[in-house]
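*Asks:* Let chain A serve as the given structure and place chain B on it in line with the hints.
Residue-level listing of the chains:
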Amino acid sequence: MQQIFAELFSGVVDMVSIAGLKSLVMFVIAGVLIYLAIKKDYEPTLLLPIGFGCILANLPGAIDAVTGLKAPAALGEAGFLSVLFNAGIANELFPVLIFIAVGAMIDFSPLLKDPSMIFFGAAAQFGIFATFLLSLVLIPIIPGLVAEGDQDMVLKLASAIGIIGAADGPTTLFVANHFQLKDYMGPISVAAYSYMALVPVIQPPVIKALTTKKERMIRMDYQEERCSKTTLILFPIIVTIVAGIIVPMSAPLVGSLMFGNLIRECGVLERLSKTAQNELANLVTIVLGITVGGTMVADKFLHPTTALILILGLFAFVFDTAGGVLFAKFLNLFRKKKVNPMIGAAGISAFPMSSRVIAKMALKDDPSNFILMQSTSANVSGQLGSIVAGGMVITLVSMLLGG
Amino acid sequence: MKKLIAILLPLLLSATALAEETIGAADGPTSIFVAEQSLLSKGLIVTAGGLCGVFLVLILFFFTIKIMQKILK
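So the sequences go chain by chain: A and B.
Counting the first sequence from 1 gives a position; my numbering is that position plus 53.
Counting the second sequence from 1 gives a position; my numbering is that position plus 49.
Simulated from the structure, these hints should not be mistaken for lab results.
Treat the hints with care, as some may be off.
Chain A side only, calculated, beta carbon under 8 Å to chain B, not exhaustive [said to hold, decoys possible]:
{"no.": "1", "residue": "Phe80"}
{"no.": "2", "residue": "Pro193"}
{"no.": "3", "residue": "Met445"}
Okay, derived cross-link-like pairs now, DSS-like style, lysine-lysine, Cα gap no bigger than 25 Å in a straight line [as the list claims (entries may be wrong)]:
{"no.": "4", "chain 1": "A", "residue 1": "Lys235", "chain 2": "B", "residue 2": "Lys115"}
{"no.": "5", "chain 1": "A", "residue 1": "Lys353", "chain 2": "A", "residue 2": "Lys382"}
{"no.": "6", "chain 1": "A", "residue 1": "Lys282", "chain 2": "B", "residue 2": "Lys115"}
{"no.": "7", "chain 1": "B", "residue 1": "Lys115", "chain 2": "A", "residue 2": "Lys166"}
{"no.": "8", "chain 1": "A", "residue 1": "Lys266", "chain 2": "A", "residue 2": "Lys391"}
{"no.": "9", "chain 1": "B", "residue 1": "Lys115", "chain 2": "A", "residue 2": "Lys382"}
{"no.": "10", "chain 1": "A", "residue 1": "Lys235", "chain 2": "A", "residue 2": "Lys75"}
{"no.": "11", "chain 1": "A", "residue 1": "Lys166", "chain 2": "A", "residue 2": "Lys282"}
{"no.": "12", "chain 1": "B", "residue 1": "Lys115", "chain 2": "A", "residue 2": "Lys261"}
Every residue, glycine too, gets a C-beta built ideally from N, C-alpha and C.
Same shape as in the complex, but just chain A:
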């Protein structure tokens, strides 16, 4: 009789143990994510499912009928979060599907009208590599993060932390998954998505610190030319081929982004384009969010690495912004027609948030200075730049592993 009661109420018994206390901490973290999503409107489409997935992953365990091991019902061998993880993240399917949806939402015409903005999409990836280097220095000196002398693990973890600077959730997940860092996927994705939502808070102070008011008031010409349909159709095809040849590792992401964009621009697949932009994006976002939340298990999340990932993730965004702004200032040394250096900061991938923040800042300093189209060009370039950077990191780090 006592045993039956103990088994019936094993969940309650579990919650009053040390493991139970850890679960309670995770519930609080989940609550914060859900609060930020609902009350503050910070990336609600992702933070809310992540928060809820976190709750599911930290509920008391039940005996798994298949393995005989104790695990939260949603996370066991046949638990739906494990099934979703294996079906969509372990094989990189969800990030690729998200990119098809994103591609269908992006209008590349501002970039095609002013292609010189593309360089900001490269410069603003500086944060990825600066954070990667910083992580390489910090990870080995903080005790307990990785086994001593395990250089491969340090490289993999540093890559996954650095790529938070891509300001691009699917790319971040793609890289973390490529290096099989399932245990770190929770904090990495939480950092990536939270900081993307915090772009309006993170970028302005960095930009103001690096520019003068006079620089922020620089006006930029914009030609209202129409972009031909042929250009819009050829662009995704050629970009896929070029990126696929030079950085083959980026082909799944660039290819899916450009496929989505081709559906949008071809003009004969309006139904598919709308499906990709709405139903596909919404469905994959729901399952991606809750699955990522399912990786936030207390034992793995409540670890010093999480704090390091969150701090370095913030650095990555700051370095990205600084890299873009400083590159624009550097270009201005040689250009006759000066560029507003704030445009450089829009070279990060957080689309369209970053371009709006920059346009707003320009209007604040000069109410008649409209640079939204230029910042949008830099912002869509950032989307391309971040994917290519992800591919480069995977390629180069894979080369160095085992050395």
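*Replies:* Using the frame of chain A, we list chain B on its own:
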């Protein structure tokens, strides 16, 4: 056009060399050179190679757009 080719050619050559190196590393054991590098040196290799790679690919995109614009005009 000649100017464009003069700029593009070395870029493409370096990209090809990088690709060959990558394929080489994937086919066989990692070279002794790589094995001897410290963690920080490896980090610098990734940083330099990564940043150059991103710029290279986006420069190619830039020229692709420019060429498309010229042809379609």
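*Asks:* The structure should be examined with respect to each hint, and the outcome stated for every one.
*Replies:* Here's how the hints hold up against the structure:
1. Given hint, Phe80 (chain A) at the interface with chain B, is violated; its Cβ is 38 Å from that chain's nearest Cβ, farther than 8 Å.
2. Restraint check, Pro193 (chain A) versus chain B: the minimum CB separation of about 7 Å is within 8 Å; hint holds.
3. Here the hint on Met445 (chain A) is kept, as its CB sits about 4 Å from the closest CB of chain B, short of 8 Å.
4. The hinted pair formed by Lys235 (chain A) and Lys115 (chain B) fails the criterion: a straight-line CA distance of about 42 Å is larger than 25 Å.
5. Taking the CA atoms of Lys353 (chain A) and Lys382 (chain A), the gap is near 42 Å; set against the 25 Å cutoff, the hint is violated.
6. With a C-alpha separation of about 15 Å, the suggested pairing of Lys282 (chain A) with Lys115 (chain B) holds against the 25 Å cut-off.
7. Taking the CA atoms of Lys115 (chain B) and Lys166 (chain A), the gap is about 10 Å. The hint holds against a cut of 25 Å.
8. Between the alpha carbons of Lys266 (chain A) and Lys391 (chain A) the distance comes to roughly 14 Å, so the proposed pair stays at or under 25 Å and holds.
9. For the suggested pair Lys115 (chain B) and Lys382 (chain A), the alpha carbons sit about 24 Å apart, so the restraint of at most 25 Å is met.
10. About 19 Å separates the Cα atoms of Lys235 (chain A) and Lys75 (chain A), which keeps this hinted pair within 25 Å; it holds.
11. Annotation: proposed proximity of Lys166 (chain A) to Lys282 (chain A) holds, straight-line Cα distance about 12 Å (limit 25 Å).
12. Only pairs whose Cα atoms come within 25 Å are accepted, and Lys115 (chain B) paired with Lys261 (chain A) is rejected, the gap being roughly 33 Å.
The structure does not agree with the numbered hints 1, 4, 5 and 12 stated previously, though it agrees with the rest.
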